[in-house]
Amino acid sequence: MQRELAYLLDILQSARMIQAFVGDMDEAAFHKDIKTQDAVIRRIEVIGEAVRRLSLEFRENHPQIPWQQIAGMRSKLIHEYDRVDLVAVWEVVQHDIGMLIAQIEPLVPPDDSDESE
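Numbering (the numbering used here), first residue to last: 1 to 117.
Hint data in this document are derived by calculation from the structure and do not stem from the laboratory. Be a bit skeptical, because a hint or two may be false.
To be verified - Using 20 Å as the maximum straight-line C-alpha spacing, the simulated SDA-like pairs for lysine to any residue come out as follows:
| id | residue 1 | residue 2 |
| --- | --- | --- |
| 1 | Lys76 | Glu27 |
| 2 | Lys76 | Asn61 |
| 3 | Lys32 | Met99 |
| 4 | Lys35 | Gln94 |
| 5 | Lys35 | Ala20 |
| 6 | Lys35 | Asp111 |
| 7 | Lys32 | Gln19 |
| 8 | Lys35 | Asp85 |
| 9 | Lys76 | Gln37 |
| 10 | Lys76 | Gln94 |
| 11 | Lys35 | Val22 |
| 12 | Lys32 | Gln94 |
| 13 | Lys32 | Arg42 |
| 14 | Lys76 | His95 |
| 15 | Lys32 | Ile65 |
| 16 | Lys32 | Glu105 |
| 17 | Lys32 | Val22 |
| 18 | Lys35 | Gln19 |
| 19 | Lys35 | Val87 |
| 20 | Lys76 | Ile41 |
| 21 | Lys76 | Met1 |
| 22 | Lys76 | Arg53 |
| 23 | Lys76 | Val92 |
| 24 | Lys76 | Asp111 |
Stated by the list, open to error - Between beta-carbon pairs, the in silico distance windows are:
| id | residue 1 | residue 2 | range |
| --- | --- | --- | --- |
| 25 | Leu5 | Gln64 | 24 to 34 Å |
| 26 | Ser55 | Met99 | 19 to 29 Å |
| 27 | Pro66 | Ala20 | 21 to 31 Å |
| 28 | His31 | Asn61 | 34 to 44 Å |
| 29 | Asp26 | Met99 | 37 to 47 Å |
Every value quoted in this text rests on a predicted model; they were computed, and no experiment measured them. Built from N, CA and C at the ideal position, the CB exists for glycine as well.
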């Protein structure tokens with residue numbers, strides 16, 4: 001479980017970082033801000049990798065979370081020759097990251113969750 005906790009903390013911390021990076025930015029500002037784009041995309045990669053490293057048993061014990069979809073986010077967002085779909089990235093930020101945080105927080109003990117902020 002210790003390894004799973006480390007991966008969950010990576011997921012939670014990365015999702016919170018995405019929210020902090022974007023803040024109150026609108027889509028037009030996001031499309032113009034390459035640093036924020038890169039930071040968000042990197043954190044999405046970390047989330048996907050952490051999900052892939054969770055044990056199959058752990059993922060099966062928490063079927064309410066769409067692990068396969070989360071793990072596949074990078075593939076969905078980055079197409080041939082590393083071309084990034086910024087519209088899709090923005091959609092993930094706006095619609096999926098908050099929900100991901102809400103799903104992961106209950107799986108992390110409160111003391112550990114606070115450390116990831």
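Here is what the structure says about each hint:
Our distance criterion of 20 Å between C-alpha atoms is met by Lys76 and Glu27, whose separation comes to about 19 Å. The suggested pairing of Lys76 with Asn61 is violated, with an alpha-carbon distance near 25 Å, which exceeds 20 Å. For the hint pairing Lys32 with Met99, the CA-to-CA distance comes to about 25 Å; that exceeds 20 Å, so the pair is violated. At roughly 18 Å between alpha-carbon atoms, Lys35 and Gln94 fall within 20 Å of each other, so this suggested pair holds.
Simply put, Lys35 and Ala20 have alpha-carbon atoms about 13 Å apart, close enough for the 20 Å limit, and the pair holds. A distance of roughly 31 Å separates the Cα atoms of Lys35 and Asp111; the hinted pair therefore is violated under the 20 Å criterion. Taken as a hint, the Lys32 and Gln19 pair is honoured in the structure, with Cα atoms around 17 Å apart against an allowance of 20 Å. Annotation: proposed proximity of Lys35 to Asp85 holds, straight-line Cα distance about 16 Å (limit 20 Å).
Among the hinted pairs, Lys76 with Gln37 is consistent with the structure: their alpha-carbon atoms are about 15 Å apart, no more than 20 Å. Restraint check: the Cα-Cα separation between Lys76 and Gln94 comes to about 16 Å, which is no more than 20 Å; the hinted pair holds. Restraint check for Lys35 and Val22: the C-alpha separation of about 11 Å stays at or below 20 Å, so the hint holds. About 17 Å separates the Cα atoms of Lys32 and Gln94, which keeps this hinted pair within 20 Å; it holds.
Among the hinted pairs, Lys32 with Arg42 is consistent with the structure: their alpha-carbon atoms are about 17 Å apart, no more than 20 Å. Of the supplied pair hints, the one linking Lys76 and His95 holds, its CA atoms being roughly 15 Å apart against a limit of 20 Å. A threshold of 20 Å between alpha carbons decides the hint, and for Lys32 with Ile65 the separation of about 32 Å lies outside it, so the pair is violated. For the hint linking Lys32 to Glu105, the alpha-carbon distance of about 31 Å lies beyond 20 Å, and the restraint is violated.
The hinted pair formed by Lys32 and Val22 meets the criterion: a straight-line CA distance of about 12 Å does not exceed 20 Å. Only pairs whose Cα atoms come within 20 Å are accepted, and Lys35 paired with Gln19 is accepted, the gap being roughly 14 Å. Pair hint Lys35 plus Val87 holds up; C-alpha atoms about 16 Å apart against a cutoff of 20 Å. In summary, the hint linking Lys76 to Ile41 is supported, as the alpha carbons are separated by about 12 Å, within the 20 Å threshold.
Note on Lys76 and Met1: the hinted pairing is violated, with a Cα-Cα distance of about 29 Å set against a maximum of 20 Å. Distance restraint check for Lys76 and Arg53: the Cα-Cα separation of roughly 19 Å lies within the 20 Å cut-off, and the hinted pair is therefore satisfied. Only pairs whose Cα atoms come within 20 Å are accepted, and Lys76 paired with Val92 is accepted, the gap being roughly 10 Å. Pair hint Lys76 plus Asp111 does not hold up; C-alpha atoms about 33 Å apart against a cutoff of 20 Å.
Checking the proposed 24 to 34 Å range against Leu5 and Gln64 shows it is violated: the Cβ atoms sit about 18 Å from each other. Distance hint for Ser55 and Met99: a CB-CB separation of about 23 Å, consistent with the stated range 19 to 29 Å. Checked against the hint of 21 to 31 Å, the C-beta distance between Pro66 and Ala20 comes to roughly 23 Å, which is consistent with it. Between His31 and Asn61 the Cβ separation comes to about 39 Å, which falls inside the hinted range of 34 to 44 Å.
Between Asp26 and Met99 the C-beta distance comes to about 20 Å, which lies outside the given range of 37 to 47 Å.
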